[in-house]
Amino acid sequence: MRDIHNRGMLEKLKLVVKVLVLALLLVFFWWLLFAEKDNSIGMEVNQDINLTPEQIQSIRAIGEWEFLAVSDEELVDTVRKRLFGNDQLARIYYGTVRIGIDMKQLDDHWLQAHGDTVVVTLPKVGLLDRDFIDEARTKAFYESGSWTATDREALFRKAYRQMLAHCLTPQNLRSAEQNGEAQVRRMMAAMGYSNITVRFGS
0 MRDIHNRGML EKLKLVVKVL VLALLLVFFW WLLFAEKDNS IGMEVNQDIN LTPEQIQSIR
60 AIGEWEFLAV SDEELVDTVR KRLFGNDQLA RIYYGTVRIG IDMKQLDDHW LQAHGDTVVV
120 TLPKVGLLDR DFIDEARTKA FYESGSWTAT DREALFRKAY RQMLAHCLTP QNLRSAEQNG
180 EAQVRRMMAA MGYSNITVRF GS
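Everything in the sequence shown is counted per numbering that gives the first Met the number 0, starting at 0 for the first residue and increasing by one.
Since the hints were derived computationally from the structure, they do not count as laboratory data.
Taking lysine-lysine pairs in the BS3-like style, the calculated list, with each CA pair at most 27 Å apart, reads: (1) Lys80 to Lys138; (2) Lys157 to Lys138; (3) Lys80 to Lys157; (4) Lys103 to Lys123.
Sequences and hints are given; from them, build the entire structure.
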């Protein structure tokens, strides 16, 4: 009788163990299916692109940034009337007018960046070098009579004004802005920015 009783108790114990194991397995699978969602690890990618002070300083250190160079030649003359005939002086002047911006004129808020977006505000484009006539290439075209250094200087100033008027036109200024915008966009894109706005002062 005792053996039968012991076997009965053993069977009951095995059944209890099986039920406990089954319950534990059910709890474990429930945790895998549902509870793990609450314990998932989130990852956030920082897409900010940070320009270092050294990079900003190196951009400002560009100094004069040329966007367009216009070569020109001007034939300029002057006539002095006399009692018997006229004196005439004519010369050909050559020069290159350089148009761009001076990076020293940038204000403290010229570059605003957030994430992959950057807004660059640049100075107004204009004449970079006021000494644009190459006097070494100046040629005498025609000369009659006697002319002083003051007369020749006046002719030079006339050529200077003509060259400036013919080269520093609204169309050339717009072309310089377009070239400048393209160059700045390439530079900012190389630094990782994808949304780029370039503005020029008025």
